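**Student:** Those protein sequence lines, which keep their order, are chains A and B. Each residue of the first sequence is one higher than the one before, counting from -12 in the numbering used here. Each residue of the second sequence is one higher than the one before, counting from 106 in the numbering used here.
Hints are computed from structural coordinates only; laboratory data are not their basis. Honestly, I wouldn't trust all of these hints.
Stated by the list, open to error - Simulated crosslink set (BS3-like; lysine-lysine; CA at most 27 Å straight-line):
1. B/K274 with A/K138
2. A/K225 with A/K211
3. A/K197 with A/K211
4. B/K274 with A/K197
5. A/K106 with A/K197
6. B/K166 with A/K197
What the hints assert, rightly or not - Just a few of them, taken from the derived set where beta-carbon distance is under 8 Å, the chain A residues facing chain B:
7. Y1
8. A53
9. V56
10. L182
Given the structure is predicted, the values throughout are model-derived calculations rather than measurements. For glycine and all other residues, C-beta sits at the position ideal for the given N, C-alpha and C.
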Amino acid sequence: MTHLTEDQLTLLYYGEAGDVEASHAAACEPCRARLASLAQFMDAVRSVPVSDPRAEWQQRLWPAIAPQVTEALGRRRSGWSRLWLLGPGLAAALAVVFFSGMYLQNRIDRSHPEAFSPKSRERVLLITMGDHLDRSQIVLAELANAPESGKTDISSEQQLASRLIGENRLLRQTAQYSGDASDAALLDQLERVLLDIAHSPTQVSSGELKDLQDRIESQGLLFKVRIVGAADRQKGLKL
Amino acid sequence: MEATHGWATTDEGAVAEARTGNPEAFRVLVERHSRSVYRLVYRMTQNEHDAEDLVQETFLKACRQLHRFDGRASFGTWLYRIAANCATDLLRARQSRAQKQVAFHAETEENPMEQMPSHAPSPERLSLSSEIGRLLGPAMSQLSAQERAAFVLRHYEGCSIEEIGQALKVRPNAAKHSIFRAVQKLRRALESKLGVTAGSSL
Chain A
-12 MTHLTEDQLT LLYYGEAGDV EASHAAACEP CRARLASLAQ FMDAVRSVPV
38 SDPRAEWQQR LWPAIAPQVT EALGRRRSGW SRLWLLGPGL AAALAVVFFS
88 GMYLQNRIDR SHPEAFSPKS RERVLLITMG DHLDRSQIVL AELANAPESG
138 KTDISSEQQL ASRLIGENRL LRQTAQYSGD ASDAALLDQL ERVLLDIAHS
188 PTQVSSGELK DLQDRIESQG LLFKVRIVGA ADRQKGLKL
Chain B
106 MEATHGWATT DEGAVAEART GNPEAFRVLV ERHSRSVYRL VYRMTQNEHD
156 AEDLVQETFL KACRQLHRFD GRASFGTWLY RIAANCATDL LRARQSRAQK
206 QVAFHAETEE NPMEQMPSHA PSPERLSLSS EIGRLLGPAM SQLSAQERAA
256 FVLRHYEGCS IEEIGQALKV RPNAAKHSIF RAVQKLRRAL ESKLGVTAGS
306 SL
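Next up, chain A with everything else stripped away, as it sits in the complex:
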């Protein structure tokens, strides 16, 4: 009869061996003795105590990390809450800009010419574009900075990406219609990445996450989104 290996005895000790190994150990005196010896050793190792951390260190722990914790929790809350608040307003603003630009050019109420003046439309468009890129940047940055782990849940980023795709499409078409090639190209690149995010599995493997991160980093997309977004919003507010 072949005796149990040390690895099999280890599994028996942890209660993870199969019935065959357990039956063998029950019937085989040498293996039972080796298991008892292993158990004695393992129990002795487990019984080695670890002192509690120093009291003064425990008192210092929270004050040491509190500023960073507060900042991290606050930043995340303000970022997401602003997203939820801006969503419906942005959609409405986009619709106004898009339809006013494409279809209503010659049907403006003559009694209120300023309502859809080119300057007003440009202002709305710039602010809308800035806010859209700001929100896109948050989604991209969340994924770009996500730590690698076996499986990463990206469902919240996916929901936001899905909502941003429609707005992005409207903005891209508006930019193309108005002849703004650079904005159109940026929005085209962004749209492809947002589609990738939205169509990824909810739980991505480390390889899939790396692919998404590579797409985000490719051609400096995250950087461009951040810079153009901030510039557009500032420009729009000054108009």
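Please build the complex by placing chain B on the supplied structure of chain A, with the hints as guidance.
**Tutor:** Frame of chain A; chain B shown alone:
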């Protein structure tokens, strides 16, 4: 403080409150779990100062990743995963540096582990009740980072092989073999010092 807030009575409540941006809720989690996280990383590093730094790093990472906590495992288990990874990263970096030093000073034929910072806990901090306790620190330093993490999570924290695999981002079979190697190395190291051979009675 915990008695005054309903959310503070459970980890789930404190996590939900922390997600709204309340740092006091995260403070509750820190105070509740810092000792157990300390014990975990101390067992892995066998060094008090490393353990203190790693607890801090663990909670900061947990705070930044709080939105990723999905509640499938308990908050404590999730925290252990982060702590084990932080400790593993530290040990790997340290072992890598030690190996480079050995390569540079190859002619000295020194033991690489001797070039690492002392892992021996200070005598005034730790009073070990047995010979095994005295020898455990040096013996643990002979394990790889992954072997240490897998063994500590299995032996002291009672994590399953699956959980260890997830925590260390390796397949369950690799986690299991890390535990096997750890047990073998510890028995060889400790039993030889204690004057007995593996397989015979202590």
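**Student:** Hey, A/K106 versus A/K197, does the alpha-carbon distance stay inside 27 Å?
**Tutor:** Answer violated: A/K106 to A/K197 is near 43 Å, above 27 Å.
**Student:** Does the closest beta carbon of chain B sit nearer than 8 Å to the beta carbon of A/L182?
**Tutor:** At about 23 Å, which exceeds the 8 Å cut-off, the nearest Cβ of chain B leaves the hint on A/L182 violated.
**Student:** Is A/K225 within 27 Å of A/K211, Cα to Cα?
**Tutor:** 21 Å, holds
**Student:** Hint check: B/K274 vs A/K138, CA-CA at most 27 Å. Holds or violated?
**Tutor:** 9 Å, holds
**Student:** Next item in the hint list is A/Y1. Is there a CB on chain B closer than 8 Å to its CB?
**Tutor:** 7 Å, holds
**Student:** Does the alpha-carbon distance linking B/K274 and A/K197 stay inside the 27 Å limit?
**Tutor:** Distance ~15 Å between B/K274 and A/K197 Cα, so the pair holds.
**Student:** Need the status of pair A/K197, A/K211: alpha-carbon distance at most 27 Å?
**Tutor:** 20 Å, holds
**Student:** Do the numbers back the hint for A/V56, that is, is its least Cβ distance to chain B under 8 Å?
**Tutor:** Since chain B brings a Cβ to about 5 Å from A/V56, closer than 8 Å, the hint holds.
**Student:** Does the structure keep B/K166 and A/K197 at a Cα separation of 27 Å or less?
**Tutor:** 20 Å, holds
**Student:** Is the interface hint for A/A53 satisfied, with its Cβ closer than 8 Å to some Cβ of chain B?
**Tutor:** 6 Å, holds
Hint check: violations occur at hints 5, 10; the rest are consistent with the structure.
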